[in-house]
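Same order as they appear, the protein sequences are chains P and B. Numbering that gives the first Met the number 0 numbers the first residue of the first sequence as 0 and each following residue consecutively. Numbering that gives the first Met the number 0 numbers the first residue of the second sequence as 0 and each following residue consecutively.
A portion of the hints provided could be inaccurate.
[Unchecked claim] Chain B is faced by these chain P residues, among others (derived, beta-carbon under 8 Å): (1) R54; (2) R221; (3) Q299; (4) I394; (5) D441.
It is worth saying that the hints were derived from the structure and are not from the lab. Being a predicted model, the structure only gives us computed values, none of them experimental. Cβ coordinates follow ideal geometry from the N, Cα and C atoms, glycine included.
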Amino acid sequence: MNLPPLYVKIQEEIEKYALDYGLDFFETIFEMVDYDQMNEIAAYGGFPTRYPHWRFGMEYEGLSKRYAYGLSKIYEMVINNNPCYAYLLEANELVDQKIVMAHVYGHCDFFKNNQWFVNTNRKMMDEMANHATRMRRYIDKLGYDVVEEFIDRCLSIENLIDRHSPFIKRHKEGDITSERTVQLLKSDHGYMDSFINPSDFIKSQEDKIVSEAKQKQKFPERPEQDVLLFLMNYGPLQPWQRDVLSIIREEAYYYSPQGMTKIMNEGWASYWHSKIMTQKALKDSEVVDYADHHSGTVAQQPGSLNPYKLGIELFKHIEDRWNKGKFGKDYDDCDDYLAKKNWNKDVGLGRNKIFEVRRNYNDVTFIDTFLTEEFCVENKMFVYGFNRRTGQYEINTRMFPEIKKKLLFQLTNWGQPIIHVMDGNYENKGELFLEHLHEGVDLQPNYTAETMKNLYVLWTRPINLKTVMEGQGKIYRFDGVDLKEQNIDTGPGPQPQPSLGDDV
Amino acid sequence: MILHIKQDHNRFREIVKGKIRSNFKKYISQGEMIGKRENDFVSIPMPSIEIPHFQYGPKNSGGVGQGEGENGSPLGGDPKEGDGGEAGNAPGEHLLEVDLTFEELAEILGEELKLPNIEPRGQRQIKALKTKYTGLHHVGPDSLRHFKTTYKEALKRQISSGTYDPENPVIIPIKKDMRFRSYKFAEQPQSNAVIIYMMDVSGSMGDEQKEIVRLETFWIHTWLRSQYKEIETRFIIHDAAAKEVDEETFFRTRESGGTLISSAYSLAQKMIDEEYPISEWNIYPFHFSDGDNWSGEDTRFCVDLLKDKMLKAANVFCYGQVESKYGSGQFIKDLEKEFAEDDRVITSRIENRDGIYASIKDFLGKGK
């Protein structure tokens, strides 16, 4: 439903404030929906035109129930698209709608300007509809169950994508290598040959060529993190299956930057709704409702991390530091606690800095660069862990390095394990060999087994996964019937050398 | 905005029902499920249906939080990242609560246990007027206008009056062409049933035995209510004397003292005589006990009562004997001896929770 006239006026007003602050966004279209429509749209990940699948129904059931019991309510939703679409909840009060609009403009600005979104499809609303059309065509042709089952399998590995690949060229193109022979050094006198080109030198050169050739024969040549792409290229799939897989992959890449910038995106939007509201749009009579709503948005559940809160605080922290000149060599070198605390060079670069940050960073680099010890102390951050002895989660430490490390680990690769295809012809039997880059946290065993079964269906040959479980290196192998595990010390099978984008 | 979530939602519910079906034995013997029943719904907890991924195990991971507390102080509940608004994507082994209507549940029960539908015996004519839109009228509201017939009438009129032009086949209905759907009253036979639950609450029936009875009655009730329009339930508890109670009391009362089964049967018979004429009601007396009766004499009395009166009134008489440490279990043998040839008496031994499944099939599998 289009906005009623009153809201159109408000929208124009808030849009103007946002522009005045220097926010830069695609045209933003607001639609008014009731709670049920909101739940439906949210269940479809924001796209009412998505292809049919039961998991959207499950999401919808969950959202509807939580709404019915008053546990949660979706205030707003905004879609990264050109034009941006944003949905407002009909039942919200006027002041809530204002906040939401201001918040939405923050998101839209972020979508348009953050570099991680540069490669996302800005016509995704149409693209999703196209996907749905293709899916429906396959369903009509092959039957619902067949397509659904295949979608389930593909979704099972949708997290195995290479989030940086839109920005990095992993493979040299046109890398044609001719047959190479050992280049002998030039010698004028025959009797000098054995000295200028000693036989062990020739041998070592030959070995090198052989091993390079072997490397070339490897399949894939280098570890491939985009497992979906690998399957699309080399999996024994029918054309429709390849297409479905490509749809799933494309949507996974579309959503990926939103996962990579959750803290920043929400922080940025919250920063701007509070700026716009408190400095411009808020009427006296709305102050209490605004405060109530805003504090609800950035409230911390005891012991959990609210991305809205962390994001907005960190942005404010950065703005404050750059306003006061708390950066650079002088500041870093200063040992005097009091001097540092009261540091104020009055340089006023804060606003510029946060705009720069919103353009160039993602959650990982954001935290890595700007999380400071004083920020952690101020915001009472801690690391928690599961205590097997007491069977509950407990606070482990409030040490800054630990917090930062944990936070970065949680965020890296969107909190998903990093898994590479190491070999598509393992032991020369056409088996798939995957390797999990173990970073201290084990995979969830039962899910791992189920996922391997799904992979087996796609690859049709046994699946091997190398990982670590409880400190023990293991290779799991699913051969279509049984899942077997084998303990290993250090890598038999392909050598673990996941190269992360340093190939070009 | 046209949305197709209903389709996906239905598909999801189909999957859920499939899961319930495949684990049905487990659900039958579990009490948690029926703890949460409402008037028309049963809320069934089940492991959330998830698409498996390679993902980190939850127990090892931990994370970063904000708030007060010393090192080592526990966090309440399961911490996970606060999800402000967007559709959640946090994995976890959470439970799903699925609401099923009693009809859906009965359908699953019926399919799983291969229960035959019941042929109702007594039929009471209720003047519940069911409206059926079967006829056509000349007058009616526009919302009920029958387009096709109206068109035909107009066509007929135009052809017969010569105003129909095949070159320009425009049909304009006038008032007397209009036809509207109209309803008729249809009387439908409605069958009613009463279930009279009787339970021994003497000292030898422990909590576990009562829980078994509670589960069993839940499933019986679910099935019978799917078979009859109206269903009434009555509850009688007895030790040496019988009294009628409400459902709550039925499952909670614990008496000590002796057991006179005949007391319950007499009371049930009295109920039938006074309130449930055989011609109008399907009557289902169920009796649960651990099989101890006070005396052979009383058992004799019970058997006579059944033979002379109750079996003539009831569709079927069901006796479930719940195994207990104390009961002798004699009563079921006596019944089986007396009614070996009589299929109006169904007996079933329930050894433990796992026996509930078979026992429900015993009781309801005959289609009576």
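Quick rundown of the hints versus the structure:
1. R54: holds, 7 Å
2. R221: Nearest chain B Cβ about 20 Å off; hint violated.
3. Q299: holds, 5 Å
4. I394: holds, 5 Å
5. D441: holds, 5 Å
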